[in-house]
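Residues in the sequence shown are numbered consecutively from 4, following the numbering used here.
Derived by calculation from the structure, the hints in this document are not laboratory data. Treat the hints loosely; a few may be bogus.
Taking lysine-lysine pairs in the BS3-like style, the calculated list, with each CA pair at most 30 Å apart, reads [as the list claims (entries may be wrong)]:
#, residue 1, residue 2
1, K251, K204
2, K343, K76
3, K204, K259
4, K140, K204
5, K140, K150
6, K150, K251
7, K259, K358
8, K251, K358
9, K150, K204
10, K204, K141
11, K358, K255
12, K204, K255
13, K358, K343
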Amino acid sequence: MNILVIVSDTLRRDYLGPYGNPVVQTPSLDALARESVVFDQAFSGSFPTLPCRAELFTGRFVFPYLNWGALPKKEVILSETLSAENYTCAMVTDNLPLCRERYGYDRGFHARHRIRGQWYDALEPLDGPFEWPCSPKKLRSHDGRMKQYLRNVSGFRTEEDYFAPRVAREAMHWLEENHHRGRWLLYVDLFDPHEPWDPPKEFTDLYDANGTGDNVIYPAFGRAENYSEADIRRMRALYSGEITLMDKWVGKLIAKLDALGHRDDTVVCFLSDHGILLGERNLLGKMGGTMRDLLGWPPYSQLSRVPMLFRVPGVTPGRRTAMVHPGDVTPTVLELAGVKVPPTMTASSLVPVLKGNADRVRDIAVSSWSLRGWNPHRPSVIRNDEWTYVCWRSGLEPEVYHRATDPDELQNVYSKNKGVVPDLHRQYLRFLQENDVPVRHYVPRIWLMSWDRRPRETLFHPQPAASAG
Numbered sequence: 004m005n006i007l008v009i010v011s012d013t014l015r016r017d018y019l020g021p022y023g024n025p026v027v028q029t030p031s032l033d034a035l036a037r038e039s040v041v042f043d044q045a046f047s048g049s050f051p052t053l054p055c056r057a058e059l060f061t062g063r064f065v066f067p068y069l070n071w072g073a074l075p076k077k078e079v080i081l082s083e084t085l086s087a088e089n090y091t092c093a094m095v096t097d098n099l100p101l102c103r104e105r106y107g108y109d110r111g112f113h114a115r116h117r118i119r120g121q122w123y124d125a126l127e128p129l130d131g132p133f134e135w136p137c138s139p140k141k142l143r144s145h146d147g148r149m150k151q152y153l154r155n156v157s158g159f160r161t162e163e164d165y166f167a168p169r170v171a172r173e174a175m176h177w178l179e180e181n182h183h184r185g186r187w188l189l190y191v192d193l194f195d196p197h198e199p200w201d202p203p204k205e206f207t208d209l210y211d212a213n214g215t216g217d218n219v220i221y222p223a224f225g226r227a228e229n230y231s232e233a234d235i236r237r238m239r240a241l242y243s244g245e246i247t248l249m250d251k252w253v254g255k256l257i258a259k260l261d262a263l264g265h266r267d268d269t270v271v272c273f274l275s276d277h278g279i280l281l282g283e284r285n286l287l288g289k290m291g292g293t294m295r296d297l298l299g300w301p302p303y304s305q306l307s308r309v310p311m312l313f314r315v316p317g318v319t320p321g322r323r324t325a326m327v328h329p330g331d332v333t334p335t336v337l338e339l340a341g342v343k344v345p346p347t348m349t350a351s352s353l354v355p356v357l358k359g360n361a362d363r364v365r366d367i368a369v370s371s372w373s374l375r376g377w378n379p380h381r382p383s384v385i386r387n388d389e390w391t392y393v394c395w396r397s398g399l400e401p402e403v404y405h406r407a408t409d410p411d412e413l414q415n416v417y418s419k420n421k422g423v424v425p426d427l428h429r430q431y432l433r434f435l436q437e438n439d440v441p442v443r444h445y446v447p448r449i450w451l452m453s454w455d456r457r458p459r460e461t462l463f464h465p466q467p468a469a470s471a472g
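Whole structure, please, built from the sequences with the hints as guidance.
This is the structure we're talking about:
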């Protein structure tokens with residue numbers, strides 16, 4: 004079995020047709036969804052971009068012990084596991100952090116094709132020409148990163164000059180040259196629709212042709228109230244345009260795969276790492292703002308709910324409600340490929356769920372910033388079928404949302420529902436223990452608020468699942 008994994012960075016699932024969006028045009032993903040098993044409760048696990056890639060590559064939850072940065076050499080990863088089984092492995096990406104050589108995310112790949120110029124990649128000379136899309140004061144990092152990006156894209160003239168088309172074309176070229184060379188893994192990582200949002204004008208015009216807002220392609224993270232309503236509408240249109248452009252070229256890539264005769268011998272997995280807040284909760288971005296949230300807002304619904312689609316030969320398309328994470332992709336594709344899953348990969352294979360033999364693989368989903376260090380401003384979000392629990396750290400008041408009636412997690416009902424927290428907290432601690440959280444990262448999170456007077460040893464050693472409650 005061949006494997007094609009496609010990751011689209013910062014892609015909100017609620018902006019996609021397969022997840023009910025009636026406005027944003029995603030015909031390629033709509034078509035893929037009709038041929039796939041669609042997961043309706045896929046959540047980011049290790050948050051955000053690089054920790055998610057580490058989780059995806061290792062098939063285990065890394066937020067308890069890893070932060071942003073290099074992939075430790077001791078980690079057992081998908082590409083090396085498949086290479087040892089005579090798979091040809093290739094990576095095609097324009098994702099700048101993923102491309103840093105010292106980070107080691109290209110281990111095990113026989114070929115890595117990097118598309119240059121995305122984000123603040125130092126491609127064009129610092130004295131090169133560029134034009135501001137709006138007032139520089141409205142842009143994040145306008146005195147450095149934005150200038151570099153604008154220089155990088157100053158020569159773009161046609162749709163095919165943009166990043167998603169270039170990544171897809173390179174992936175298609177690799178397929179043309181290598182699809183017949185035995186079994187293969189092709190990992191395609193598109194940075195779009197990650198900001199800066201700068202699609203060709205015709206894609207933005209699909210959503211805001213006559214808008215009066217500025218082209219704020221990379222807003223300063225923080226409070227949405229710092230921008231006009233017209234600016235916010237324009238940002239959402241730019242973001243939507245990036246999604247439609249990405250969708251078009253993902254469709255071309257999958258069409259190429261099928262045209263080469265690999266529809267019936269290739270697993271296709273499409274997913275994202277996380278989303279972004281676009282004015283919800285009066286917030287823009289993923290982090291920033293006041294002292295409390297300076298180092299990370301909780302991965303609320305708009306940040307943590309991600310698309311995940313599996314097209315598997317011989318598996319009947321449909322929808323699943325199991326709670327799943329990006330880390331589950333690796334043990335899943337290994338099992339589908341008939342490759343033994345290494346014992347280090349402690350995320351869950353989704354094969355039983357894909358085949359309709361199981362309804363779930365876990366009772367909770369945990370989305371979290373790294374827990375490394377003692378910083379209280381690195382929250383985790385724990386969800387079960389009914390509730391969302393935001394754990395900042397021991398001693399800080401949590402947040403609670405009723406998912407059944409508030410799926411967007413906008414109304415904190417902690418004061419009226421404190422009783423749901425202890426069991427969710429025990430499940431969270433059990434999850435951390437099962438995923439090798441170091442003691443120094445575990446201790447700051449073992450107890451609840453002052454109202455919780457249970458013996459501390461009960462929290463140090465959570466009860467087994469059968470007796471929890």
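Against the structure, the hints come out as follows:
no.	hint	in the structure
1	K251 <-> K204	15 Å, holds
2	K343 <-> K76	21 Å, holds
3	K204 <-> K259	26 Å, holds
4	K140 <-> K204	22 Å, holds
5	K140 <-> K150	12 Å, holds
6	K150 <-> K251	28 Å, holds
7	K259 <-> K358	26 Å, holds
8	K251 <-> K358	29 Å, holds
9	K150 <-> K204	20 Å, holds
10	K204 <-> K141	20 Å, holds
11	K358 <-> K255	27 Å, holds
12	K204 <-> K255	20 Å, holds
13	K358 <-> K343	19 Å, holds
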